[in-house]
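Using the sequences plus the hints, can you model the full thing?
Below are the chains, spelled out letter by letter.
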Amino acid sequence: MTTTTVPAAPEAPARTRHPLRAEALRGFPPLAGAAVLLLFGALLPPSADTWQGDWAKTAAQLHTALVIALPFAAAAGCWQGGRERRRRTEELWDTAVRAPLTRLLVSALPVALWVAVGYLLAVGLTTLTSWPYVRGDHPYLSLVPGDTAALMAATLVGHVVGRAARTPLAAPLLGVAGYAGLGTAVYQDAVSPLNPAVPAVDGFWPVWWQPLAMAAWTLGLAFALTLAYAARRRATALLPLAAALAAALLLSTGSGPWRPDPLAHRQVCDTSTTPAVCVNARYSGMLPQVRAALSGVTGKLHGVRSLPARWSDRGTEPRADEAALPMLTPFGWYAVRGRLMKPEQYAWEAVASLRGDCGKEPERVLLADDAVQAYLAPSPLQRDFDADDAKGDAAARARLRASQAARAKLAGMDEQRRRTWLSAYFAARAACDAEGVPSL
Amino acid sequence: MNPGLPLYARSRALPQTLAALAATTGFAVWAAGALDAYLDPGRRVPVVALAPLLAAAVIGASLRSDSDELDRTAVRPWWPRRLAHLLALTALASAVLPVAVAGHAETFGAPAMIRNILGCVGIVALAAVVLGARLSWLPAFGYVSAAYLASSGARGRAATVWAWPVQPGAQPGAWAAALAAFALGTALYAVRGARPGG
Numbered sequence: 001m002t003t004t005t006v007p008a009a010p011e012a013p014a015r016t017r018h019p020l021r022a023e024a025l026r027g028f029p030p031l032a033g034a035a036v037l038l039l040f041g042a043l044l045p046p047s048a049d050t051w052q053g054d055w056a057k058t059a060a061q062l063h064t065a066l067v068i069a070l071p072f073a074a075a076a077g078c079w080q081g082g083r084e085r086r087r088r089t090e091e092l093w094d095t096a097v098r099a100p101l102t103r104l105l106v107s108a109l110p111v112a113l114w115v116a117v118g119y120l121l122a123v124g125l126t127t128l129t130s131w132p133y134v135r136g137d138h139p140y141l142s143l144v145p146g147d148t149a150a151l152m153a154a155t156l157v158g159h160v161v162g163r164a165a166r167t168p169l170a171a172p173l174l175g176v177a178g179y180a181g182l183g184t185a186v187y188q189d190a191v192s193p194l195n196p197a198v199p200a201v202d203g204f205w206p207v208w209w210q211p212l213a214m215a216a217w218t219l220g221l222a223f224a225l226t227l228a229y230a231a232r233r234r235a236t237a238l239l240p241l242a243a244a245l246a247a248a249l250l251l252s253t254g255s256g257p258w259r260p261d262p263l264a265h266r267q268v269c270d271t272s273t274t275p276a277v278c279v280n281a282r283y284s285g286m287l288p289q290v291r292a293a294l295s296g297v298t299g300k301l302h303g304v305r306s307l308p309a310r311w312s313d314r315g316t317e318p319r320a321d322e323a324a325l326p327m328l329t330p331f332g333w334y335a336v337r338g339r340l341m342k343p344e345q346y347a348w349e350a351v352a353s354l355r356g357d358c359g360k361e362p363e364r365v366l367l368a369d370d371a372v373q374a375y376l377a378p379s380p381l382q383r384d385f386d387a388d389d390a391k392g393d394a395a396a397r398a399r400l401r402a403s404q405a406a407r408a409k410l411a412g413m414d415e416q417r418r419r420t421w422l423s424a425y426f427a428a429r430a431a432c433d434a435e436g437v438p439s440l
Numbered sequence: 001m002n003p004g005l006p007l008y009a010r011s012r013a014l015p016q017t018l019a020a021l022a023a024t025t026g027f028a029v030w031a032a033g034a035l036d037a038y039l040d041p042g043r044r045v046p047v048v049a050l051a052p053l054l055a056a057a058v059i060g061a062s063l064r065s066d067s068d069e070l071d072r073t074a075v076r077p078w079w080p081r082r083l084a085h086l087l088a089l090t091a092l093a094s095a096v097l098p099v100a101v102a103g104h105a106e107t108f109g110a111p112a113m114i115r116n117i118l119g120c121v122g123i124v125a126l127a128a129v130v131l132g133a134r135l136s137w138l139p140a141f142g143y144v145s146a147a148y149l150a151s152s153g154a155r156g157r158a159a160t161v162w163a164w165p166v167q168p169g170a171q172p173g174a175w176a177a178a179l180a181a182f183a184l185g186t187a188l189y190a191v192r193g194a195r196p197g198g
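Protein sequences, first through last, are from chains E and D.
If you're matching positions, the first sequence starts at 1 in the numbering used here and goes up one per residue.
If you're matching positions, the second sequence starts at 1 in the numbering used here and goes up one per residue.
The set of hints was computed from the structure by calculation and includes no laboratory data.
Stretches of chain D that chain E covers, calculated by requiring three or more beta carbons in the stretch to come under 8 Å of a beta carbon on chain E:
| no. | segment |
| --- | --- |
| 1 | 41-54 |
| 2 | 57-63 |
| 3 | 132-141 |
Note that beta-carbon positions come from the ideal geometry of N, C-alpha and C, so glycine has one too.
Here you go:
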């Protein structure tokens with residue numbers, strides 16, 4: 001009997017995946033990304049009152065956290081760089097056909113990418129949690145590319161250090177050294193343009209090319225170090241080094257890469273009141289709440305002359321015809337998550353700013369100031385202050401009696417007479433003319 | 001002298017650990033002097049936060065054993081040795097590191113330094129049990145870093161507990177948190193030992 005056999009069809013070659021895939025999906029790199037996300041998750045929520053609802057502060061907080069995140073990323077890279085030594089597979093890898101640079105990059109890039117992913121997720125989540133409370137302005141994402149590149153560069157530098165240093169303490173040592181270095185660099189003006197973690201100054205933002213130059217500076221240095229350590233032709237390290245030096249030159253010469261934010265110098269006003277109420281354009285959405293908080297004051301000031309033309313919120317000294325509006329920033333005091341807190345205290349402070357500061361005044365003027373303050377916007381603590389004076393010595397009790405009499409007299413005037421009196425009072429206070437303050 | 005003691009010390013790299021603790025103390029003394037803290041004790045915060053972190057990382061690295069499987073076949077219980085190892089190194093660090101921050105006990109002096117050593121060692125010991133001794137520095141590193149930066153905007157009584165690494169020495173909440181971390185970490189490490197292979 002004869003049997004015939006059909007030759008088996010040749011099997012398709014097993015599909016091999018790129019080793020980068022396994023490196024990226026397994027082991028330490030995803031943990032490093034999660035650790036960076038957790039780090040930001042621990043850093044930002046405790047101070048959420050100060051940045052939620054303020055785009056500029058949100059971006060500044062994310063950027064400031066680099067002081068911690070950069071050494072952390074370097075330590076993570078350093079840990080990955082020491083992996084083959086810990087596994088005792090260095091000699092085995094030396095027999096591999098792939099070039100040392102390829103092997104280094106296959107191991108280092110996944111950590112750098114996951115660190116970047118962790119940071120970008122932190123940026124996204126922070127932005128989302130700030131968004132519902134925002135009352136003006138726009139998201140500031142211009143620092144994100146440069147910060148992401150700096151984190152990746154720190155990871156790469158850490159990886160090279162981890163390969164070269166033969167101690168299990170290399171990673172925490174590098175991290176602590178990073179803290180010390182960045183913490184010191186913050187106070188060194190000479191290196192601040194090149195410091196990727198230099199704190200953002202309120203009201204200043206980088207020009208469009210700053211993130212590109214910062215990325216070229218940090219990544220250029222990291223690639224130069226990597227090529228000098230692992231490339232067959234070490235001279236190739238000169239190319240990224242040249243790019244890094246060119247970027248450093250660009251960052252540190254001329255007027256620098258930071259410019260004032262034009263929006264921070266603009267005011268949004270409600271001119272229907274006396275005085276007009278202006279808030280900084282960055283928080284234009286807060287204007288209705290501010291106007292409502294001051295409505296009691298502006299209602300009582302209707303028809304009064306010699307007042308400042310407006311309350312302004314410039315963050316600097318008010319102009320000649322302006323009074324300073326109590327500052328809404330930094331968030332966390334008067335404004336928390338887009339809501340005006342303590343409106344009575346806010347109105348009290350706004351009234352105090354109407355009369356200006358003329359230095360030490362005679363008792364008669366102080367009594368008039370107190371009466372005007374009590375009439376327009378009494379302090380929420382006025383009862384407590386009065387109770388303290390009532391329990392005080394004879395001088396305090398006499399001062400309290402005089403204050404109460406002055407308050408009662410101003411409150412008891414008819415409308416027309418009070419308007420006239422207030423007009424004379426504000427005219428005298430604007431001129432710092434103590435003699436001109438009408439008596440009560 | 002117990003002939004096993006030198007072998008134990010070598011197997012845990014204790015000579016290198018002692019050298020690293022001495023170097024950490026030297027670094028702390030230099031940094032505290034460079035910060036001109038006699039003007040403002042608050043300037044010592046970086047030293048009071050980072051030096052214990054570094055010392056705890058050094059102690060954490062010494063918790064690793066190359067002969068873990070062999071160790072577990074021993075007849076004698078390991079927990080007294082683990083406990084003595086951790087307590088001795090913690091006591092040594094607590095004795096030498098406060099030299100760097102003499103004075104200002106109420107703010108950022110020796111008590112704050114000792115408290116932070118205890119807290120950081122507790123976290124590191126806990127991490128050695130969960131992650132392994134090699135990576136034991138990572139959670140303490142992340143936590144102290146986060147507390148250092150986040151505490152500037154945080155207020156209230158809760159902040160004195162969670163931000164214990166940057167609190168003044170006389171803060172009871174900070175002491176409670178650090179002692180709790182130390183007790184938990186030490187007890188778990190004594191009972192379980194460092195995670196094998198980690």
